[in-house]
Amino acid sequence: MSTVTLDKLTKIYPNGFQAITELSLTLEDGEFLVLVGPSGCGKSTALRMIAGLEDISSGDLYVGERRLNDVQPKDRDIAMVFQSYALYPQMTVAENIGFPLKLRKISRKDRQEQVHQAAEILELTEQLEKKPAQLSGGQRQRVAMGRAIVRRPALFLMDEPLSNLDAKLRVQMRADIAGIQRELGVTTFYVTHDQVEAMTMGDRVAVIKDGILQQAAAPEALYENPDNVFVAAFIGSPSMNLYEATLTEADGDYRLSLGDQALSVPDRVVAARPALRDYLGQPLVVGFRPEDLEDSAVVPDHPDNQRLETEIAVREALGAETLAHFSIAAPSVDSGDPDALDELGDEESSRCTARFSAATRVRVGDRVRVNVSTERLHFFDRKTHLAIRS
Amino acid sequence: MRRSSTLSRIGLHATMLVLVVWSILPFIWTFQTSIKFTRDVAAKKPVLWGYETTANAYRAFWLDEDDINMWSVLVYILVVTVICLILGQIGRRVRHSWPWFTAAVGVIFVALWRFPKVWEVNDEYDFLINSIVVTVLTMLISLSIGLLAGYGLARYTGISGAVILIVALGFRALPRTAFVLPYFFGAKEIDDWLASSGVGSWDFPLIDFPGIDTLQILDTRLAIVLALVAVNQPFTIWMFRSFFMEVPKEIEEAAMMDGATRLQAFRRVIIPMMWPAIIATGLFTMLLAYNEYLFVRVLAPTEWTLPVAIVSLTGGESSRTITEAAAASVSITLPIVVVIILFQKHLVKGLGAGAVKG
Chain A
45 MSTVTLDKLT KIYPNGFQAI TELSLTLEDG EFLVLVGPSG CGKSTALRMI AGLEDISSGD
105 LYVGERRLND VQPKDRDIAM VFQSYALYPQ MTVAENIGFP LKLRKISRKD RQEQVHQAAE
165 ILELTEQLEK KPAQLSGGQR QRVAMGRAIV RRPALFLMDE PLSNLDAKLR VQMRADIAGI
225 QRELGVTTFY VTHDQVEAMT MGDRVAVIKD GILQQAAAPE ALYENPDNVF VAAFIGSPSM
285 NLYEATLTEA DGDYRLSLGD QALSVPDRVV AARPALRDYL GQPLVVGFRP EDLEDSAVVP
345 DHPDNQRLET EIAVREALGA ETLAHFSIAA PSVDSGDPDA LDELGDEESS RCTARFSAAT
405 RVRVGDRVRV NVSTERLHFF DRKTHLAIRS
Chain B
218 MRRSSTLSRI GLHATMLVLV VWSILPFIWT FQTSIKFTRD VAAKKPVLWG YETTANAYRA
278 FWLDEDDINM WSVLVYILVV TVICLILGQI GRRVRHSWPW FTAAVGVIFV ALWRFPKVWE
338 VNDEYDFLIN SIVVTVLTML ISLSIGLLAG YGLARYTGIS GAVILIVALG FRALPRTAFV
398 LPYFFGAKEI DDWLASSGVG SWDFPLIDFP GIDTLQILDT RLAIVLALVA VNQPFTIWMF
458 RSFFMEVPKE IEEAAMMDGA TRLQAFRRVI IPMMWPAIIA TGLFTMLLAY NEYLFVRVLA
518 PTEWTLPVAI VSLTGGESSR TITEAAAASV SITLPIVVVI ILFQKHLVKG LGAGAVKG
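First to last, the sequence lines map onto chains A and B.
Just so you know, we're using this note's numbering here: the first sequence kicks off at 45 and counts up by one.
Just so you know, we're using this note's numbering here: the second sequence kicks off at 218 and counts up by one.
Excised from the complex, chain B in its bound form:
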C-alpha cells in the first residue's frame, strides 16, 4: 500500500520533471545562444558549457553603438524593475493603492522615454515602443468594451443577446487567417477614399501628431489595434459575461436600494468585485496583442512590433543574425515572464472561476 503510493509519487514527479525540462529546454537553448560568441554558435559540435559569454548580440539588436558596456544597460533595467516592483508591492498593501500603481507606470514611462537619450538605439527600439503601445491600447479598449458588453449580456436574457453571443463565438472559432485579408482590403479602401477625397490631408488642429501629415489607417499602430480588438472582443465578452453571471443580481439591487444609480452600482460595487476577472482577461489580451505576428505583418508593413522584427532576423543563415534573433527573443520574453509571475495567482483564479462558484 505504502510502497505503491511512494512508487506512484516518484513516477508522478519524474513525469513532471520531464515535462518541465521539455518546456524549458528551448528557452534555455535560446538564452545560451544569445550570450555566445558567433564562433561557438556556428561550431559543428554544440558547445554546451564552458563557453565565453558576451552581450554582443543584445548590443547589436538594440543599440547603434559598438563600445557600450552592456552592464550599465542591465543595471538601468534592473533599477527600473526593482523600483516598479517596490511601488507595486506598496500599492498592494496600502489602503489607497492607485497613486502607487500610477507611480510605477510613470517610472516605466520615464525609463522608456529617457533610454534613447542615454544610448543610441536602433529601429528595434521603436518596434518595442510599438509593441507596448499596441498592447496597452488593445488591452484598454478590449477590456472596456468587454466589461460593458459582458455585463449587459449577463443581465439581459432576451433572444437578441443570445444571438450576439453565438455570433461572437462563431467569429472566435474562425481561423485568424480568414480575417486578415478582408481587414487589409477594408483598410486600403478607407485609405484610398481618404486620399482621393482629400480628407486624409486635412489639417486637424487637435490631432496634429508630430510626424503625421496625412491621415491613414494601413501601416499605423491604429490598424493593428483595431484589428486585434475586433479579433479579441468575443473572448473578452464571453469571459466577462461568465464572471458577471456569478455576481448575484441582489448585490446590484442592494446598491440601488442603498442609493446608487445603476451606473454607480456598476462602478462602485460590481467592478471592484471583478478585479480578478479583469486581471485574468487583461493578461490573456496582453499575450495576444504582444505576440501577434500575422496581423502586424500584413496591416503594418513598416510599423512593426517585436515579433515581426525577430522573425525578420531568423531568415538568414549567418550565425550572427541567429545570436541576434536569440537575444531579441530573450529580451521580449522576459518582461512577459515577469508580468505573468506577478499575476499568475489571478490568472489561475480567473481560469477556474467559471467552474466553481465561490
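Bound-form chain A, shown alone:
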C-alpha cells in the first residue's frame, strides 16, 4: 500500500498535441480517487502514463518513494482494469485471474488458493472453468477485476470499467467495486466520463478538462463549492443553471438582475463573499442548481422578491420529483463542456431546469412563479470563469 504522487505530469505527443498539462495530484494510501472529465480531455492518457503504457513527457511519478518514470509497466506493481476488459480469450476464468501470479512464478498450489480467494470476493467461484466468451458482460467485468486484485498491487488503475455494462448492472457494480476497494484498501485511480460514477464512488474527485486539472476535492465539496464554471456545470445532473447577470446595490439592498427579472440577494450572501463588492454593477456569472428552485405553489412561504416568473416549456415527472424546463430572459454561459447538449436558447433567453418536489401540479404552458434559494447562489467571474468566494 502506498501513496501515489503525480508531480506536474505532462504529455506531449510527437505531433505536438499537448494531452496533459502539469497534472499534479497526490493519492493518499488507500484512497479512491476518480478522475472525471468530458470525452477527449486526456483522462485516459493520464491513466496510461501512470500505467507505463505511455511515456511521460515531463514531470515525475512516484509510488511511495519510488520514481516510476522509466520503469517498465511490468515492474511498476500496478494493476489495471481496461474498459474493454481485455480478457485472454483462450484461457479459462481461473487462468485469466491466475495469469499475473503465473508470470511471477508463484507455485501452482498458492496460485489456486489466491485465485479462489479472489473469485470468492467477486462471486465468480461457479465460473472458474468457463472461457470469457461464455460469460455475461458483468461477469467479464468481474474477471477483469479479479485479475487486478489477485496480486494485491500497490495501485489499481481503472479505465472506465463500467461503461460497457447496461444501466442497471452499472449501478450495482458501482457499489460492488467501491466495496471491494474499501475491503482491500488498495489505492485506486479511477477514470470515468460519468460524473455520477465519480460522485458516488470516489473518496475524492478530480475534474479535468483539456488536459488541465480543474479541481480535486471530496464529492460534496466539489458539488457545494465548485472552483469554476466548468466544474459547476459538469458536476451534478441536471447541470447547474448558469447565466450572465448583474449585481447592484441600492439603499443597502442587493439586487441581482437576471434579464428582465430581478432577485433580491440577502446581505449575508454578499458578506460571505467580500470580493463580490468589486463586481457591483458589472456583469458576472450566476449559477443555481435545479434543486434550489421550487414551485411557489408548493412552498408559498418564500420572500416575494426572490421569485422568478416564467412559463413551463417541458415537464418530466420522475415520480419522486418533477423536472421542469422553462426559459429565462438572460444570456446563458458556455461552460466549456464539449459533451453538453446545445442549450436551447439564444442571446436573450436561455433554458433553465428546475427540480420541483413531486407535489407540484404544474403543466406545460402554465405561468408559474419559481422560488429561488438565493442563499445558495454561486457567483463566478465572467472572464476568468473562476468562483467568487472570498
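Hint data in this document are derived by calculation from the structure and do not stem from the laboratory.
All clues given are correct.
Derived DMTMM-like pairs: lysine to aspartate or glutamate, alpha-carbon spacing no greater than 25 Å straight-line:
id, chain 1, residue 1, chain 2, residue 2
1, A, Lys-146, B, Glu-469
2, A, Lys-146, B, Glu-470
3, B, Lys-466, A, Glu-98
Among chain B residues calculated to face chain A with C-beta under 10 Å, some are:
id, residue
4, Ile-468
5, Glu-469
6, Ala-471
7, Met-473
8, Asp-475
9, Ala-477
10, Thr-478
11, Arg-485
12, Val-486
13, Trp-492
From the three backbone atoms N, C-alpha and C, an ideal C-beta is built for every residue, glycine too.
Got chain A; can you put chain B on it based on the hints?
Frame of chain A; chain B shown alone:
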C-alpha cells in the same frame, strides 16, 4: 410460394451435384486408371467398370521389387495413419496436448525412416522425402517470419511499414515465372563463387552432412526452400497482419500490466489466440510448397519433389507410364486430402476471419 421454394431448392441441389461431379470426376478417373491393368487403360473404348484391379502401378512407381504383396504396404500405411489420428484426437482433447502431437509426428518420422528398410524402394521414395522436407521447412520458416513481421506491421503504423506492405503486395502480384530465372542465376553466381573461392569445399565440422562434400545451393533442397519462402512471404505477412489487426491492443497491454514483457505477452497471450490463423496460413503454405513444380524443375535439376517426378512420367505415350503417373498422382494427393479434411474447419475460419470481427 412453397412450390417455388421447393423448385428452387431442387435447382440448387442439382447445380451443386453437377459442380461436385465436375470437380471430382478427374480424380475418380485418375484413381481408376491407377488400379487398372495396362490393357484396359489402352483399350480403344474406355472400360468404366467390371475391370480387373491391380496395384502394379503403385508397386512400379514406389518399389524396386516385383513380387511384393501390396496389401502389406497398404496395411503399413493404414496402421501408421490410424495411430497418428488417434494420437492427434487425444491431443485435441487433453489439457497438455503437445506431447501427443509430438508423438504423432514421431510416429510419422519413424514410419518414413523404416519403410525403405522393409521394402526396396525406387528413387521416387527420395522424392517423397524431398517433398516432405521442403514442405515442412518452407512452412516453418514462412510462418515464423510471417508471424513476427505480421505482428510488427500490424502494430507499427509508420510510413515505412506501409511501404513494406505495398512492396510485398507488388511481389505477390508478379507472376512466379518472373522470379525463377533471376533466382537460378543468383544461385549459380553464389555457387560459382563458392567453388572458385574454395569456400564451398571447406570442412565445416558442424554441418558435416553425410553425402555432402561441397557446399552449394543449386540442386539442393535448400534452394527450393529459400525460393519458396521468398515467394510465399508476402502472403503469410499479409495474412498474419490482418489477423493481428483484429487482436485488440489492450490485450497485450493487459498482459504487460499483469507482469509480462512484450515478448512474453506475444508468446503466452497473443500466439495462443492466433492458432486458427497459424493453421490456415500453414495449410496454404503447405499446399504451395507441396505442389510446386516450376521452381523445383529449374533450381533443382536432380533433387526433385513429387510433382516433378509425376510430370516426368506423363510425357510418354505408353500406357504403362500412364498408369504409373496415375498411381503417383493418387499417392501424393491422399496425404493432402487427409490433412485438409482434418483441418478444413480452421481453413474456412481462417478465410472468413478477415471479414467479420468476432
